[in-house]
Amino acid sequence: MTGLILLIKYALLYGAVLLLVAMGGMWSEHSGVINIALEGIMTIGAVAGALILCLMANQPPALMVITSILVACAAGVVYSALLAFASINLKADQTIGGTALNLMGTALALVLVKNYNLKHGGGQSPKLTYNNSPFIFKIGSITVNVFVILAIILLVISFYLMYKTKFGLRLRACGEHPQAAASVGINVFVMRWAGVLISGFLGGLGGFAFVVPSVSIWNFEQGVAGMGFLALAVMIFGQWHPLRIALCALFFAVFKALADIADSTFLGSLKLAKEIYRMMPFIASLIVLAFTSKNSKAPKAEGIPYDKGMR
Amino acid sequence: MNKKPVSPLLMKTKSAGASILSSLVCILIGLVLGYLFLVILNSKSAWKDGLLPIIKGGFKSFGNEKLMKTGAHMKPLGMEIAEAAPLIMTGLSVAFAFKTGLFNIGAAGQYVLGAFGGLYCALVLKLPWWLCLLAATVCGGLWGAVPGILKAYLNVNEVITCIMMNWIGLYGANTLMYQNGKSPMYFLKQAKTYTVASKSPKSLIPSKIFGWDMTKTFNYSAMTIAVFLAVIVAVIIYVIINKTTFGYELKACGSNKNAAKYAGINDKRNIILSMVIAGALAGFGAGLFYLAGVEQYNPQESTALPGQGFNGISVALLASLNPIGCIFSGVFISHLSVGGNAMKQSVFPKEISDAVSGIIVYLCAFSMLFKGFFMKLFEGKLFHKKEGGGKK
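Chains A and B, in that order, are what the protein sequence lines are. One gets my numbering by counting positions in the first sequence from 1 and adding 20 to each. One gets my numbering by counting positions in the second sequence from 1 and adding 208 to each.
In isolation and in its complexed conformation, chain A is listed as follows (with noise of 0.2 angstroms):
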């Protein structure tokens, strides 16, 4: 039974955060953009908001809540202005401008950690500790920390937005067919900038929601260690809609936590490496990949800068 209960509660911890990033994805490639960066925007939205936490340590916490999440949700939106600016604008090549800023991600939350550290007498730990004690609470037995319900909140306006208002369906068509989409009208690249930053908005929440809410100390060095490639997976195992994308999150959240809880329930005897049940969603993802890439759902002029003179 305690078992369960770690299960479920690793679950909705991992699962409102692939909700959150991938639903980030999901924003940024609907308006034609692909966002391989998202690992990168959660780390620096993690960043920067375990860094406010320190800061506010003697703060009231419901203060210390609040701006800790709208600090970490506004540096995500910063640094995605970062590949929105060279996507979009310049026309740079999606992919390496996000893996860009996935190796800028990493070392530059580093150096502002151990320059943190170094400053308040840490000495050069990659380390943050932070009290999460405000974020956490217990509905009966279970759980839960904020970022749960304000994930739920968010799918709920991000498929409102998306699917029934004007705003949502010409930023979709931006990304199926943009030049379509500016004969009647539509900019472009504000659509585009929009869904980029969106994406930054979501993204740099997620991070936060990852550090956060399991540990008081977070070692910097390993980033995010892989949640927003994982989140990746999720948005297109989602076929790049919102509710999928919320089933998805939580089947690959159980195997996420399976991992952490196997060696103190009945799965220990089973005697399977941790790695095996790390490994299962990303098989997954590609056994689904395989089969599904045919009839993809992928707006279809993702990852393709808008050049207005081609039609």
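Treat the hints as calculated values from the structure; they're not laboratory data. A quick note: this is a predicted structure, and the numbers were derived from the prediction, not measured. It cannot be assumed that every hint is accurate.
Here are the computed distance ranges between Cβ atoms for each label pair [to be verified]: (1) Phe-187(A) x Gly-580(B): 32 to 40 angstroms; (2) Gly-23(A) x Asn-464(B): 52 to 60 angstroms; (3) Lys-410(B) x Asn-239(A): 36 to 44 angstroms; (4) Gly-329(A) x Leu-333(B): 54 to 62 angstroms; (5) Phe-436(B) x Asn-239(A): 21 to 29 angstroms; (6) Phe-187(A) x Val-555(B): 24 to 32 angstroms; (7) Leu-110(A) x Val-247(B): 25 to 33 angstroms; (8) Thr-312(A) x Ala-512(B): 28 to 36 angstroms; (9) Glu-241(A) x Val-247(B): 23 to 31 angstroms; (10) Lys-476(B) x Thr-185(A): 48 to 56 angstroms.
Straight-line Cα separation of at most 20 angstroms, DMTMM-like style, residue types lysine to aspartate or glutamate; simulated pairs [to be verified]: (11) Lys-459(B) x Asp-113(A); (12) Lys-465(B) x Asp-113(A); (13) Lys-400(B) x Glu-241(A); (14) Lys-579(B) x Asp-113(A); (15) Lys-147(A) x Glu-509(B); (16) Lys-465(B) x Glu-322(A); (17) Lys-465(B) x Asp-475(B); (18) Lys-334(B) x Asp-475(B); (19) Lys-139(A) x Asp-257(B); (20) Lys-147(A) x Glu-322(A); (21) Lys-552(B) x Asp-257(B); (22) Lys-111(A) x Glu-322(A); (23) Lys-294(A) x Glu-509(B); (24) Lys-390(B) x Glu-509(B).
Partial list, derived from the structure: chain B residues whose beta carbon lies under 7 angstroms from chain A [said to hold, decoys possible]: (25) Ile-357; (26) Tyr-361; (27) Asn-363; (28) Ile-371; (29) Ile-376; (30) Asn-382; (31) Leu-384; (32) Ile-521; (33) Ala-563.
We put the beta carbon where it would ideally sit given N, CA and C, even for glycine.
Given chain A, work out where chain B should sit, using these hints.
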């Protein structure tokens, strides 16, 4: 207006010159931004303890008389060269796949598999070094084949499959090399794999070439002929891409798949072969790194892929995808990272050098802009555009 005929050789030189200049501009801007960063962190010693060590890199102890006497001043340079060898290889891996229009972001995973293949043959089977290197190459190639096959036959985006294969490879190889501490390759006391030297000295890449003992000259035990092997491979790749029919076919597939198909080129075969070779190159790089004994592999490090894989992207882009250029950009990226370690760590974290190389890749993403600028400059079109009456 009559145009003078332009010789193709001159055009080529101009284009190459523009590529080199645009890479240099990327590096320069990267270093300037890095310096700004250092100034923000600590304005007083930004030059002396920050940028200067980065620029000096492996040459940091040159001029230090005390170290010069014992020969120890050569060691950082040896480290720089030893760490450059795998970077050159992963750079070649990325560059080679790019020629066929494929973005090999999976070099990291192929590198891990190469490390596993090479170390298994060395630590368990105790084979001679060249067989171990071959095993590393084959393992990397096999890992590269999967995205290639999926791309060729099922049209799955290779970037996504490569990312998946990276993590599957990392978890898989780590499991095999760790096995809850029971693996014959895992040395519990050091929490890493055994050193190749302790288990099977003949599996180490030799350090003597034509009677020249490189270990002695550089005062560094992991200084081997690895770097020469990397240079030889770079030249071979250059010849394959530019001087053979196979290379031409690959490039044709890269620039326009449909046109290549129409001309009778087997695009599926070329896509798969290109990925296999790219994977093999990355695996070979891992062999050069671990079989030289630069570092021991840590199979419990399961949250981050090895940096060499992703730095390969920096190397390839900085070299404008030219195999010979990869040699120089590989050494440069290694120079940056050795320089980063040489900074005063109590003021400037060594990751600043990673940030600088990240900035450089970001700039490389739109280096075509710089290149276009220099091409215009060479042709004298920049300042008197309107003279000739437009484009004709």
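Check your understanding: Is Lys-465(B) within 20 angstroms of Asp-113(A), Cα to Cα?
Key -> holds, 18 angstroms
Check your understanding: Should the hint that Lys-476(B) and Thr-185(A) are 48 to 56 angstroms apart at their CB atoms be regarded as holding?
Key -> violated, 43 angstroms
Practice item. Measure nothing beyond the straight line between the CA atoms of Lys-465(B) and Glu-322(A); if it is 20 angstroms or shorter, mark the hint as holding. Key: Answer holds: Lys-465(B) to Glu-322(A) is near 19 angstroms, not above 20 angstroms.
Exercise for review: Verify the proposed pairing of Lys-459(B) with Asp-113(A), using a straight-line Cα cut of 20 angstroms.
Suggested key: Holds - the C-alpha atoms of Asp-113(A) and Lys-459(B) are around 18 angstroms apart, at most 20 angstroms.
Check your understanding: Can the restraint linking Lys-139(A) and Asp-257(B) be considered satisfied, given a maximum Cα separation of 20 angstroms?
Key -> holds, 17 angstroms
Check your understanding: For the hint on Ala-563(B), does the least C-beta distance to chain A fall short of 7 angstroms?
Key -> holds, 4 angstroms
Review point. Taking 20 angstroms as the top limit, are the C-alpha atoms of Lys-334(B) and Asp-475(B) close enough?
Key: Status violated; Cα separation ~40 angstroms.
Check your understanding: Can the suggested window of 23 to 31 angstroms be confirmed for the beta-carbon pair Glu-241(A) and Val-247(B)?
Key -> Roughly 25 angstroms apart at Cβ, these two residues keep to the hinted range, so it holds.
Review point. Using the C-beta atoms of Thr-312(A) and Ala-512(B), is the stated range 28 to 36 angstroms upheld?
Key: Because 30 angstroms falls inside the window, the suggested range holds.
Exercise for review: Could you check if Ile-376(B) really has its C-beta closer than 7 angstroms to a C-beta on chain A?
Suggested key: Constraint on Ile-376(B) satisfied, holds at 5 angstroms.
Practice item. Confirm or reject the claim that Phe-187(A) and Gly-580(B) have a C-beta distance inside 32 to 40 angstroms. Key: Roughly 35 angstroms apart at Cβ, these two residues keep to the hinted range, so it holds.
**Study point:** Interface hint status, Asn-363(B) versus chain A (Cβ within 7 angstroms)
**Key:** holds, 6 angstroms
Taken one by one, the earlier hints fail for this structure at numbers 5, 6, 10, 18, 20, 25, 26 and 31, listed in ascending order.
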